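There are 2 protein chains.
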Amino acid sequence: MYSEQILAVLKKMKVKVGDRVNVTKGKEIFEGVLMPRIEVGDQDTLSIKLNSGYNVGLRFDRSVNIERVGDGPKLGSIPALKLKESKELPSISMISTGGTIGTHVDYKTGGVFMCRSPEEILSTAPEIQSIVNLKNIIRPFTLASEDMLPSDWQKMAELSAKELNKDVEGIIITHGTDVLHYTSYAMSFMLKNLTKPIAIVGAQRSPDRGSFDGAMNLICAAHFIGHSDVAEVCVVMHGSSNDDYCLAHRGTKVRKMHTSRRDAFRSINDIPLLKIWPNGKIETLNSNYRKKSKGKVVADTKFEPKVSLVKAYVGSDPEIIDWHVKRGFKGIVVEGTGLGHVPTGESGITKDPLRKKYSWIPHIKSAVDSGVAVVMTSQAMYGRVNPYVYRNLRLASNAGTIFGEDMLPEAAYVKLGWVLGHTKNLKKVRELMAQNLAGEINKRLDTDLFLI
Amino acid sequence: MYSEQILAVLKKMKVKVGDRVNVTKGKEIFEGVLMPRIEVGDQDTLSIKLNSGYNVGLRFDRSVNIERVGDGPKLGSIPALKLKESKELPSISMISTGGTIGTHVDYKTGGVFMCRSPEEILSTAPEIQSIVNLKNIIRPFTLASEDMLPSDWQKMAELSAKELNKDVEGIIITHGTDVLHYTSYAMSFMLKNLTKPIAIVGAQRSPDRGSFDGAMNLICAAHFIGHSDVAEVCVVMHGSSNDDYCLAHRGTKVRKMHTSRRDAFRSINDIPLLKIWPNGKIETLNSNYRKKSKGKVVADTKFEPKVSLVKAYVGSDPEIIDWHVKRGFKGIVVEGTGLGHVPTGESGITKDPLRKKYSWIPHIKSAVDSGVAVVMTSQAMYGRVNPYVYRNLRLASNAGTIFGEDMLPEAAYVKLGWVLGHTKNLKKVRELMAQNLAGEINKRLDTDLFLI
Chain A
1 MYSEQILAVL KKMKVKVGDR VNVTKGKEIF EGVLMPRIEV GDQDTLSIKL
51 NSGYNVGLRF DRSVNIERVG DGPKLGSIPA LKLKESKELP SISMISTGGT
101 IGTHVDYKTG GVFMCRSPEE ILSTAPEIQS IVNLKNIIRP FTLASEDMLP
151 SDWQKMAELS AKELNKDVEG IIITHGTDVL HYTSYAMSFM LKNLTKPIAI
201 VGAQRSPDRG SFDGAMNLIC AAHFIGHSDV AEVCVVMHGS SNDDYCLAHR
251 GTKVRKMHTS RRDAFRSIND IPLLKIWPNG KIETLNSNYR KKSKGKVVAD
301 TKFEPKVSLV KAYVGSDPEI IDWHVKRGFK GIVVEGTGLG HVPTGESGIT
351 KDPLRKKYSW IPHIKSAVDS GVAVVMTSQA MYGRVNPYVY RNLRLASNAG
401 TIFGEDMLPE AAYVKLGWVL GHTKNLKKVR ELMAQNLAGE INKRLDTDLF
451 LI
Chain B
1 MYSEQILAVL KKMKVKVGDR VNVTKGKEIF EGVLMPRIEV GDQDTLSIKL
51 NSGYNVGLRF DRSVNIERVG DGPKLGSIPA LKLKESKELP SISMISTGGT
101 IGTHVDYKTG GVFMCRSPEE ILSTAPEIQS IVNLKNIIRP FTLASEDMLP
151 SDWQKMAELS AKELNKDVEG IIITHGTDVL HYTSYAMSFM LKNLTKPIAI
201 VGAQRSPDRG SFDGAMNLIC AAHFIGHSDV AEVCVVMHGS SNDDYCLAHR
251 GTKVRKMHTS RRDAFRSIND IPLLKIWPNG KIETLNSNYR KKSKGKVVAD
301 TKFEPKVSLV KAYVGSDPEI IDWHVKRGFK GIVVEGTGLG HVPTGESGIT
351 KDPLRKKYSW IPHIKSAVDS GVAVVMTSQA MYGRVNPYVY RNLRLASNAG
401 TIFGEDMLPE AAYVKLGWVL GHTKNLKKVR ELMAQNLAGE INKRLDTDLF
451 LI
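Keeping their order, the protein sequence lines are chains A and B. Position 8 (the first sequence) corresponds to 8 in the numbering used here; numbering is contiguous. Position 36 (the second sequence) corresponds to 36 in the numbering used here; numbering is contiguous.
Don't take each hint at face value.
To be verified - Taking lysine to any residue pairs in the SDA-like style, the calculated list, with each CA pair at most 25 Å apart, reads: (1) 427(A) <-> 325(A); (2) 12(A) <-> 72(A); (3) 428(B) <-> 299(B); (4) 12(A) <-> 62(A); (5) 25(B) <-> 62(B); (6) 356(A) <-> 304(B); (7) 16(A) <-> 388(B); (8) 302(B) <-> 325(B); (9) 356(A) <-> 150(B); (10) 306(B) <-> 282(B); (11) 428(B) <-> 448(B); (12) 357(A) <-> 330(B); (13) 326(A) <-> 354(B); (14) 356(B) <-> 142(A); (15) 296(B) <-> 165(B); (16) 135(A) <-> 88(A); (17) 11(B) <-> 50(B); (18) 357(B) <-> 323(A); (19) 357(B) <-> 140(A); (20) 291(B) <-> 316(B); (21) 356(A) <-> 398(B); (22) 365(A) <-> 11(B); (23) 326(B) <-> 366(A); (24) 326(B) <-> 327(A); (25) 365(B) <-> 319(A); (26) 330(B) <-> 434(B); (27) 330(A) <-> 325(B); (28) 357(B) <-> 305(A); (29) 82(B) <-> 260(B); (30) 306(B) <-> 353(A); (31) 357(B) <-> 151(A); (32) 291(A) <-> 439(A); (33) 443(A) <-> 280(B); (34) 357(A) <-> 325(B); (35) 356(A) <-> 368(A); (36) 357(B) <-> 319(A); (37) 27(B) <-> 9(B); (38) 294(A) <-> 437(A); (39) 155(A) <-> 432(A).
Rather than coming from a laboratory, the hints here were simulated on the basis of the structure. If you're wondering where the values come from, they're calculated on a predicted model, not measured in any experiment.
So that you can see chain A by itself, here it is in the shape it has in the complex (with noise of 0.2 Å):
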């Protein structure tokens, strides 16, 4: 609510929220639509939605003026994509699952819903009835992205295989950008003999902001699933923070890296598979994929979700691993420091039995032994762990963690539930987790791929 002062000076000059306003403050000029204060925030600051989709905070003070020139925009006047088929496009179908893709802002209460249909999403980008024939559209539930749950990840490769089995060239999925990359790994690890692409986009800004980036996702990925040769899960998402090119990232190998640009998808440890202008042209930056073929796609969603994702780190407490062996966790993935470091009170001069309570190596033996599957990522996240160059390294190695290359920790997490959601049996899990499965395993890794 606003304060009283402001209230009163909104009464006298008749404007209600969710009115077009101008509002003048000392010699800036404001125009867009006067949103409601929400629950946090100073009451005493004028929240102007400006027409460029940014929310502006005015100050109230005497210099301050206020004028009504229009209605506002009305609630549930969002329009959706008429469908109409087109049988001369490739067919695909699209799964819509949430996120700020399918968002809309209530000008009457400032809330942001998420409440838009696939039809209404597909209205911000129209022409992508001139690039597919947008087959089959379904909705399986709404969810904002970091409210997932494994269990969505099995939904949705079973409905994605469905779909692939069809007469479609491939899908695409709405997402919430949040967690997108971690639904990329388990649908490129539950997907089996995968024959056709999924496209997974969202937007990092809503659609009532004039640089909303999903209608230009929208557009690649239906350039993407239509018109190229790949045959892998891939996150399509700009590629600059500019509105010119999306890149395909490989499902696997791709990372959330910034809270806010539209370009905070990349690639780590590998190289983006294609870049896609939204007028169509597609150039191929590693040609190291999975192509389009004939077969049955098969949905293998078995996983095991007492998985965890552990941090290691200085002064970090290792009785944490315990504490997952006794609530029933099979697998954890550690995040260890440098090339897959855990403390392990050794090292050096300084033999300290102080510093041996800090040591991971009795805890993780301990984990091994009573069959928990312990796997060692880096927290660095580019580059690869490696047990061989260390004595410390060979410490954790020793004790029977399996060390994970160059996945992400984020990846080793859902590739470790995955594989244990199949066996139980620490050397198979061991075999799986060495084994590149769905391009997680970047055998040729090259270190010029850092921060690109």
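Position chain B relative to chain A; hints supplied.
Just chain B, lined up with the frame of chain A:
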């Protein structure tokens, strides 16, 4: 140990481990030192340390010929820099703590040891004595950095303050690279009224390799301490993968981003302060830094070690928060997703009661209610968390989470330990966490600062 097959050939050819050898395999020729077979790895593979310092493994077969060409390097043959006093040059102190920069390889056992004295480390960069006067050299302990504890930060900070208050221009600290950045965060928070600089340097490659980076890092650090006007804790390491220049990164905004590259340390959400060439040329990249001045440096090392760093992700178990509370932890830094999300079980149109089990919100609220400080950061690392954009973010904020702006998760962890060392009052903790104490919060964050 090598296989019997290899041992027989070595005996026949009168080659011993540690000898300089010529090996041909098919058409390829390798010259180097025959290394012992370490405990892990294939016993049928010859390990040769090439003149470049890299090890190569040659699978033994009938095409392999090995010939002794001379003696290998001798143990204990590491030169030590003979220190001389150069009163006309700026005086510095050096604190040597261990790590790869101070290792050497034992060619008889294959082991890597951290037994170089500071003078032996300096002998890799003898030209340092033409840049600065090495006044005081101290070796408080010798540790692989992954084995460090917060108590080691306290020792280093106290020692640093003592040295800085002598007649020197600043300090070079040599350090293992795994958690070098954690130490730079700790020194930044623990040293108050900093009027002189500290350069923390390490090496990503060991001194026996042709690609050793520690010497150039030391030389650039000497230029930084002796010939710049920065009075901050900085990490001075290679700026590119060539031996062309170093970067001085602000101590609270730097992170190890690659397991093996020599330019692994990168500034996140900030511009490196200086570009430093080994010939002494210095270019200012970011003039927003603390300048050298007069005044006594104070070590304020109170630190609460019962602080942890926990990651939230798809399927993560929020009861980990309760475990920390029960175990007496006073602070928890959460690495959330995107803008600072944790699972809430509340979003979208699906309000599945089972989903609620995964919600972090009640666990965070209960932790905060019992006096534990909970700080939110983002696993995306680049960018800023923000509790105002989405409803789920406000749920976390309303539960009492302190949003950590653009702080790195690991820097927020060290800061929270330092803050809780000084007050357990959550209101004061919130105030201090929101304050920029040592450059850890970049108020003028530019979104262009991505992957540089």
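Quiz item: What hint numbers does the structure not satisfy?
Solution: 10, 11, 20, 21, 22, 29, 33
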